[in-house]
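Engineer: Build out the structure end to end from the sequences listed, making use of the hints.
Chains as they are written, first to last, in this note's numbering: chain S, 254 to 782; chain Y, 9 to 389.
In case anyone wonders, no lab produced these hints; they're calculated from the structure.
Some clues are possibly wrong.
[To be verified] A short list of chain S residues far from chain Y (calculated; beta carbon distances all over 12 angstroms):
hint: 1; residue: K282
hint: 2; residue: N414
hint: 3; residue: A587
hint: 4; residue: Q673
hint: 5; residue: W697
hint: 6; residue: E756
[Unchecked claim] Below, computed lysine to aspartate or glutamate pairings styled on EDC-like, alpha-carbon distance capped at 16 angstroms:
hint: 7; chain 1: Y; residue 1: K245; chain 2: S; residue 2: D677
hint: 8; chain 1: S; residue 1: K729; chain 2: S; residue 2: D760
hint: 9; chain 1: Y; residue 1: K241; chain 2: Y; residue 2: E257
hint: 10; chain 1: Y; residue 1: K362; chain 2: Y; residue 2: E325
hint: 11; chain 1: Y; residue 1: K241; chain 2: S; residue 2: D318
hint: 12; chain 1: Y; residue 1: K201; chain 2: Y; residue 2: D250
hint: 13; chain 1: Y; residue 1: K241; chain 2: S; residue 2: D677
hint: 14; chain 1: S; residue 1: K640; chain 2: S; residue 2: D780
hint: 15; chain 1: S; residue 1: K507; chain 2: S; residue 2: D318
[Stated by the list, open to error] Label pairs and their computed distance ranges (CB to CB):
hint: 16; chain 1: Y; residue 1: P238; chain 2: S; residue 2: S266; range: 22 to 32 angstroms
hint: 17; chain 1: S; residue 1: A587; chain 2: Y; residue 2: T255; range: 54 to 64 angstroms
hint: 18; chain 1: Y; residue 1: P238; chain 2: S; residue 2: L543; range: 45 to 55 angstroms
hint: 19; chain 1: S; residue 1: G646; chain 2: Y; residue 2: T255; range: 47 to 57 angstroms
hint: 20; chain 1: Y; residue 1: G229; chain 2: S; residue 2: L543; range: 36 to 46 angstroms
hint: 21; chain 1: Y; residue 1: P238; chain 2: S; residue 2: E645; range: 32 to 42 angstroms
Quick reminder that beta carbons are idealized off the backbone N, C-alpha and C, glycines included.
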Amino acid sequence: MPRPGFVHEVDRSTPPVLFWRGENFSLEKLPVGRSRVIYPPEPLPAIKDIDGAIRHALLNPHDQDPLPALLFPGMKLTIAFDDVSLPLPKMRRPDIRQRVIEAVLDLVAAAGVDDVHIIAALGLHRRMHEYELRHALGDRVYDAFHPRGMLYQHDAEDHDNLTIIGTTDHGEVLEINKRAADSDLVIYVNINSVSMDGGWKSITTGLASYRCLSHHHTGETLQNTKSLMGHREHSALHKSIWRLGKVLRDHGPKLFQIESTLNTDMFPEQFSFINKREWEWTAKDRATYLGVTKGLNMLPVKARRKMFHDIQSPHQMTSVQAGETSAVHEITLAKVFEQQLVPVEGQTDILTLGIPFVSPYNPDSVMNPVLVMCMGLGYLFNMYRNKPLVREGGVIIMTHPTYRDFNPVHHPSYIDFFEQVLTDTTDPVVMGQKWEKQYAEDEWYRHLYRTGNAYHGVHPFYAWYWGAHGQQHAGKVIIVGGDAPTVRRLGFTPASTMDDAFEIASDVVGRTPTISHLHVPSLLVADVQ
Amino acid sequence: MSRLVFSRKPARFAAARLAGTLMPGRGASVGPLSLEPDETLPLPSPEWLRLRPRLAGICGSDLATVDGTASAYFDPLVSYPFTPGHEVVADVVGTDRRVVVVPVLSCITRGISPVCHACEHGHIHLCERVAFGHIEPGLQTGFCESTGGGWSHEMLAHPSQLVDVPADLSDEAAVMVEPMACAVHAAQRYTGKETVIIGAGTLGLLTLAAITATRDRERTGPVVVTARYPDQKRLAKELGADVVCSTDELPRWVRSATGSLVFGDQLTCGAPHVIDCVGSSESLQQSLQVVAPGGEVQVVGMPGNVHLELTSLWHRETAIRGCYAYRRPDFDTALELVRRFDLGRLVSATYSLKDYTDAIGHAAHAGRRGAVKIAFDMRSN
Numbered sequence: 254m255p256r257p258g259f260v261h262e263v264d265r266s267t268p269p270v271l272f273w274r275g276e277n278f279s280l281e282k283l284p285v286g287r288s289r290v291i292y293p294p295e296p297l298p299a300i301k302d303i304d305g306a307i308r309h310a311l312l313n314p315h316d317q318d319p320l321p322a323l324l325f326p327g328m329k330l331t332i333a334f335d336d337v338s339l340p341l342p343k344m345r346r347p348d349i350r351q352r353v354i355e356a357v358l359d360l361v362a363a364a365g366v367d368d369v370h371i372i373a374a375l376g377l378h379r380r381m382h383e384y385e386l387r388h389a390l391g392d393r394v395y396d397a398f399h400p401r402g403m404l405y406q407h408d409a410e411d412h413d414n415l416t417i418i419g420t421t422d423h424g425e426v427l428e429i430n431k432r433a434a435d436s437d438l439v440i441y442v443n444i445n446s447v448s449m450d451g452g453w454k455s456i457t458t459g460l461a462s463y464r465c466l467s468h469h470h471t472g473e474t475l476q477n478t479k480s481l482m483g484h485r486e487h488s489a490l491h492k493s494i495w496r497l498g499k500v501l502r503d504h505g506p507k508l509f510q511i512e513s514t515l516n517t518d519m520f521p522e523q524f525s526f527i528n529k530r531e532w533e534w535t536a537k538d539r540a541t542y543l544g545v546t547k548g549l550n551m552l553p554v555k556a557r558r559k560m561f562h563d564i565q566s567p568h569q570m571t572s573v574q575a576g577e578t579s580a581v582h583e584i585t586l587a588k589v590f591e592q593q594l595v596p597v598e599g600q601t602d603i604l605t606l607g608i609p610f611v612s613p614y615n616p617d618s619v620m621n622p623v624l625v626m627c628m629g630l631g632y633l634f635n636m637y638r639n640k641p642l643v644r645e646g647g648v649i650i651m652t653h654p655t656y657r658d659f660n661p662v663h664h665p666s667y668i669d670f671f672e673q674v675l676t677d678t679t680d681p682v683v684m685g686q687k688w689e690k691q692y693a694e695d696e697w698y699r700h701l702y703r704t705g706n707a708y709h710g711v712h713p714f715y716a717w718y719w720g721a722h723g724q725q726h727a728g729k730v731i732i733v734g735g736d737a738p739t740v741r742r743l744g745f746t747p748a749s750t751m752d753d754a755f756e757i758a759s760d761v762v763g764r765t766p767t768i769s770h771l772h773v774p775s776l777l778v779a780d781v782q
Numbered sequence: 009m010s011r012l013v014f015s016r017k018p019a020r021f022a023a024a025r026l027a028g029t030l031m032p033g034r035g036a037s038v039g040p041l042s043l044e045p046d047e048t049l050p051l052p053s054p055e056w057l058r059l060r061p062r063l064a065g066i067c068g069s070d071l072a073t074v075d076g077t078a079s080a081y082f083d084p085l086v087s088y089p090f091t092p093g094h095e096v097v098a099d100v101v102g103t104d105r106r107v108v109v110v111p112v113l114s115c116i117t118r119g120i121s122p123v124c125h126a127c128e129h130g131h132i133h134l135c136e137r138v139a140f141g142h143i144e145p146g147l148q149t150g151f152c153e154s155t156g157g158g159w160s161h162e163m164l165a166h167p168s169q170l171v172d173v174p175a176d177l178s179d180e181a182a183v184m185v186e187p188m189a190c191a192v193h194a195a196q197r198y199t200g201k202e203t204v205i206i207g208a209g210t211l212g213l214l215t216l217a218a219i220t221a222t223r224d225r226e227r228t229g230p231v232v233v234t235a236r237y238p239d240q241k242r243l244a245k246e247l248g249a250d251v252v253c254s255t256d257e258l259p260r261w262v263r264s265a266t267g268s269l270v271f272g273d274q275l276t277c278g279a280p281h282v283i284d285c286v287g288s289s290e291s292l293q294q295s296l297q298v299v300a301p302g303g304e305v306q307v308v309g310m311p312g313n314v315h316l317e318l319t320s321l322w323h324r325e326t327a328i329r330g331c332y333a334y335r336r337p338d339f340d341t342a343l344e345l346v347r348r349f350d351l352g353r354l355v356s357a358t359y360s361l362k363d364y365t366d367a368i369g370h371a372a373h374a375g376r377r378g379a380v381k382i383a384f385d386m387r388s389n
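Structural biologist: Here it is in structure tokens:
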């Protein structure tokens, strides 16, 4: 039986705590008597018969007819699936998406449906490489559909293949992929790693246009998204998306949502120490830690990066449900919280976060400085329900090398954003007004997004907006171990060591602040009372 | 009373070239430049005047000469031994005039009559009799045996070469007038569209200032300046650059500003006007990389022997155009701009003539040492 997550109060017997530092780790001693470490629950057991569970979900959907009843010869069917940003790290083959889509295609074939298109719902993310598509869908699906042009990637800039479904009562235009809009049925295959995803967000972002996304992907909206991972009613982003979802439901194609959840068994055996609580480390774990960290220090960063991105995670499915989007998503959320929720009492003055090598926007790529901000303030800071772990005006301390390094293929506009926009302003609202349009409409970025493997020109803005609430909430943000000029460019304060960071933080929170450390990995949502 | 003299000594010249290539500025200590007692030069004609230099700047062409890296092209345009120094503010002996020297030696100064076609139209920098006349060959004052140069306590000048310095202008400001006149001349080709200035040394900064002075009424595109050192970046911003970036960052900025696409390393669009104030193979090659099809690369920094891949020039019908010196009226504009932008502050350090190796070493590494203009100070003997 997996142990639930819990809050450990740091005392004199507490060993140093593990922090991510990009493509490496460190052990940090937290102050005794006023620090606490929030440990995630242990991984839930995976479903034993995954294929059986998928088939059961398709045949017994929630608030929806069984899938075979929705299929008929001559129909136009579109299957959309979550892109490479999920799951992290990538899972061992076979990927859940492959299993679900193969099960769907069995039923589709049995129903005599020929007109089937499979679309990677990547929104404004980068196009997936062939090896990534093969990994997500399996060779059989790829080889059957891709050569015939029936497996492709959504293009949010292909205006001939976008269509307007309708407009919300707030004036938000829902514009999505034309093929999906014109289909008799759209099946969406989702993976829910975090509670933010899934539900109406799947299609209204994954298959949407820039015009559609620009309604809610703004600095103002994200500043007013006070609960990205918790309660939807406190998230301006989700409220907008749910309004768009209503338009989709009322005026769009028939939908069949398939959502699945994963456990948090994220790292293979050679990294077993990552998932353990430090006082439970065996001599072998300590030796492994030492060997790994020393070895990593000797490797060039590119080699380290490759090593981490090559990891194939053993995490596995804990639930799968299908049917009507809202009904399915509520079950999904319950399952995500069952895996990730940890009750925590009250806020602290400081929140410490170890920033890993990967975020949803740099699979197989570089964790550039903008993504460090996004991962820290956009994702990890937001891993709470009710209220943030750190009090308003408190200090967030992150550990990451924050090198000034970018992948020019995946993140071309990020480089210009870092050099051009961040030298002008770090205010998400100001940059949105002053700079966003130029990047969104830049013909070169558009070309690279449409034909290469680049994130859309506007994407660094979205990554920055993601951290808008955290940026506004925190009195100071410190990065330990980061390249100092780069850290300053982000608007943060560099520190060499954790002790230095606490000293710097004392200007804001005094000499005896209370401290929370979010122990990642794995994923957890702090339910702060 | 002394002067610095550059003599024709092949062995020392070779030593300077070796030392200067290894470490810019080191040519001063091993080369043919030496400190010698002042010598009274004969007046080329009665109308010539004797000057007592107050300040004399060290410019890039001086450094190239001292380090032996200047092109052999100049050999017939120079007469040895000569006293360098063409950025000069000086007193006119026997008068209370304080003047800036226009160092270009044109037909009038050479006593050539009738004057050539270029000089007749005021284009003294394009003089067609540059190595002839009643004075020894010399591209400018500071490269001519007959006239002497500013790195001394006495030199000669033709009255047509003198520009009076207003009383309220400091010597430091006045010594910036000659390089500013070069910049004024360069800025006359400014189009108001996207413009790149490569290099933020003295010439780059002054060209930027000259462009800024006219830009308010002409500007439609940003001025992007490449700078290497923090002080250069700060000054470029102060003097009106819209964007200041490193050379590595330049293609990205130009691409973004001009909505360009990219093939290989080449932008498909680019800036219509690129002003190269460095003059190296690297800077010129980058100029060709970021200049727009049909655009112009203006070479303001003195180039030497460079190696260039010119296929893009052919394919994109771009032009490389030299930009040498100035016309006489450019000095009037320069005086005004030196005052307007308070450019005397760019004189970072002055040295006496006897400390010439230190002075030249400082000038050769001015950017790295947070300096812009280094000058010799002859005001106290």
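Engineer: All the hints need checking, so say for each whether the structure fits it.
Structural biologist: Comparing the hints with the structure gives:
1. K282: The claim holds: K282/S sits with its nearest Cβ about 37 angstroms from chain Y, beyond 12 angstroms.
2. N414: Given a closest Cβ separation of 22 angstroms, the condition holds.
3. A587: At about 46 angstroms from chain Y, A587/S clears the 12 angstroms cut-off, so the statement holds.
4. Q673: For Q673/S, whose nearest Cβ neighbour in chain Y is about 7 angstroms away, the distance does not exceed 12 angstroms, so it is violated.
5. W697: Violated: least Cβ distance 5 angstroms, not greater than 12 angstroms.
6. E756: holds, 27 angstroms
7. K245/Y - D677/S: Between K245/Y and D677/S the Cα gap is close to 13 angstroms, so the pair holds against 16 angstroms.
8. K729/S - D760/S: holds, 10 angstroms
9. K241/Y - E257/Y: Judged against 16 angstroms, a Cα distance of about 13 angstroms means the pair holds.
10. K362/Y - E325/Y: This hinted pair is violated, its Cα atoms lying about 50 angstroms apart.
11. K241/Y - D318/S: violated, 66 angstroms
12. K201/Y - D250/Y: holds, 12 angstroms
13. K241/Y - D677/S: Measuring from Cα to Cα gives roughly 15 angstroms; hence the hint holds.
14. K640/S - D780/S: holds, 8 angstroms
15. K507/S - D318/S: holds, 11 angstroms
16. P238/Y - S266/S: 22 to 32 angstroms: violated, 49 angstroms
17. A587/S - T255/Y: 54 to 64 angstroms: Taking Cβ atoms as reference, A587/S and T255/Y lie about 56 angstroms apart, which means the hint holds.
18. P238/Y - L543/S: 45 to 55 angstroms: Taking Cβ atoms as reference, P238/Y and L543/S lie about 41 angstroms apart, which means the hint is violated.
19. G646/S - T255/Y: 47 to 57 angstroms: Hint violated: Cβ distance 42 angstroms, outside 47 to 57 angstroms.
20. G229/Y - L543/S: 36 to 46 angstroms: This hint is violated: roughly 57 angstroms between Cβ atoms.
21. P238/Y - E645/S: 32 to 42 angstroms: holds, 36 angstroms
Of the numbered hints stated above, those contradicted by the structure are hints 4, 5, 10, 11, 16, 18, 19, 20, listed in ascending order.
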